[in-house]
Amino acid sequence: MNAYFEFLIARLPEKVLHLEERGEFKDAARLINKILKENSKLPSLLKSRLEWETERINRIKKDYTLSTKKAFQSLKKWIPDLTREDFTRWMKNGFIEHREIEGETKIFKNFLPNLLRDSEEAKRRVKRKDETSEKTTKLLNEHLDTIIEKGKTSEERYTEPVKNRVSMSLKVKPNAIPEGETLRVWMPFPRKDPLQPEVKLISTTPKKYVLAPEDNPQRTIYFETKALKDKKLEFKVEYEYIVQASYQRVNPAKVQRQYSQKETYEKYTSEQLPHIAFTPYLRKLAEEIVGAERNPYLKAWRIYKWITGHVEYALVPEYSTIDCISEYAARNLRGDCGVQALLFITLCRISGVPARWQSGWYLNPISPSPHDWAQFYVEPYGWLYADPSIGGHRKAVEKYHKFYFGNIDHFRLIANTDISSEFTPPKKHYRSDTVDNQRGEVEWEGGNLYYNKWTYKLKVLSHKIISSTVLETVKA
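The sequence shown runs 840 to 1315 under our numbering.
One or more hints might be untrue.
[Said to hold, decoys possible] Subject to a maximum C-alpha distance of 20 angstroms in a straight line, what follows is the list of computed SDA-like cross-link-like pairs (lysine to any residue):
| id | residue 1 | residue 2 |
| --- | --- | --- |
| 1 | 974 | 1239 |
| 2 | 966 | 912 |
| 3 | 900 | 1265 |
| 4 | 962 | 951 |
| 5 | 880 | 852 |
| 6 | 916 | 965 |
| 7 | 1047 | 912 |
| 8 | 1241 | 985 |
| 9 | 854 | 893 |
| 10 | 854 | 872 |
| 11 | 1292 | 899 |
| 12 | 1071 | 1014 |
| 13 | 1144 | 1175 |
Hints are computed from structural coordinates only; laboratory data are not their basis.
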């Protein structure tokens, strides 16, 4: 069920679409149920799409939860001299994302960071200083400077290894499911990877678990437990892993125009519906960006440069509510790390450059956060990295902007190398995130438990730089 959600390529009936566009979700749900009940010969894709749509509607409503009053109060904490006129003007200008739901204006729950990125006026009027962001940026820049300087003389691709010790917990709210029922939990777990040569499980709560194979595209650790009345259920995993930065000097003249690895080429230049889709618009866009270029490395560079120059970073609604993420990015010219990564992957594949997904966490010890990025393949160099969202943030400093095309820092935790892959053991119900897995997934026999039923937290317990000698011992 969760593999690729291909049924999202089926467009909704126009009457349903019009009701949803007006925010008349109750009427839309009633119409969907009527269509399903009265049409026994619906095409299978459309039937699956309609069955999913009522769940998608509920998820959309959970993304637009704030009343204008609550949103105004929240923003006033950052901009003390905020007026109602300011708020209304920013709404009209599209800086404060909102939609009508059942006749009431609802504000996107993550409107605040988007507003402060999009509106120069709002940014200027902020009175609170984000010291954490300044510290994380300083630490990253120092790390990048070290890698870039070393890369001028060293031929070593992997550099600056660190050993991280991490704890992740997931807490399910009391009475989320009936007493005595079995709760099933999947938490992301680091994969073994050239960037992550060593992964070691330290401890778990509960003690019994199922750990997915090291090469699982979306690696997880799985738990089960019985629900208790009025009791919060907590799951915890602690592990250590070694991760390195990657820096590869590339001579475009040495890049081969033809691929000898046919299996890699065919797999990673194919569509992966619904989100890696070769739509007419994306095909034309790829042609416009790449032009007459025939060198695979330079094709990928043109795509990276275009995305970082045209697609603004913004938090978006949950991926499970978006029909085609790559098309969404190219139409709206905005999106978060995963949205930009999927656009990069799709445009590369259309252009004949193998590309794939990577994700997990950006593990800057000061402030870790979920993060997605991409890889692309050129011969003879193999898989290289592309992080358009962080690269886009670094446009003002050319060396940092260029770094994130081909290279990657060591502030990474890789749990996923593909989207929408099956878990171990398989999940029975719709996932909360139908694309990625960074926060975890929870279900019981009666259905999926969405994010409003549980919380998660990841802590960096230690972040230690280790020598290359220690790393070579580990590899041996």
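Evaluated hints:
1. 974 x 1239: holds, 17 angstroms
2. 966 x 912: Distance of about 15 angstroms is within 20 angstroms: holds.
3. 900 x 1265: violated, 28 angstroms
4. 962 x 951: holds, 11 angstroms
5. 880 x 852: Measuring from Cα to Cα gives roughly 15 angstroms; hence the hint holds.
6. 916 x 965: Status holds; Cα separation ~9 angstroms.
7. 1047 x 912: Distance ~45 angstroms between residue 1047 and residue 912 Cα, so the pair is violated.
8. 1241 x 985: holds, 15 angstroms
9. 854 x 893: holds, 15 angstroms
10. 854 x 872: holds, 13 angstroms
11. 1292 x 899: At roughly 16 angstroms apart (the allowed maximum being 20 angstroms), residue 899 and residue 1292 satisfy the hint.
12. 1071 x 1014: holds, 8 angstroms
13. 1144 x 1175: holds, 16 angstroms
Comparing the model with each numbered hint stated earlier shows that hints 3, 7 do not hold.
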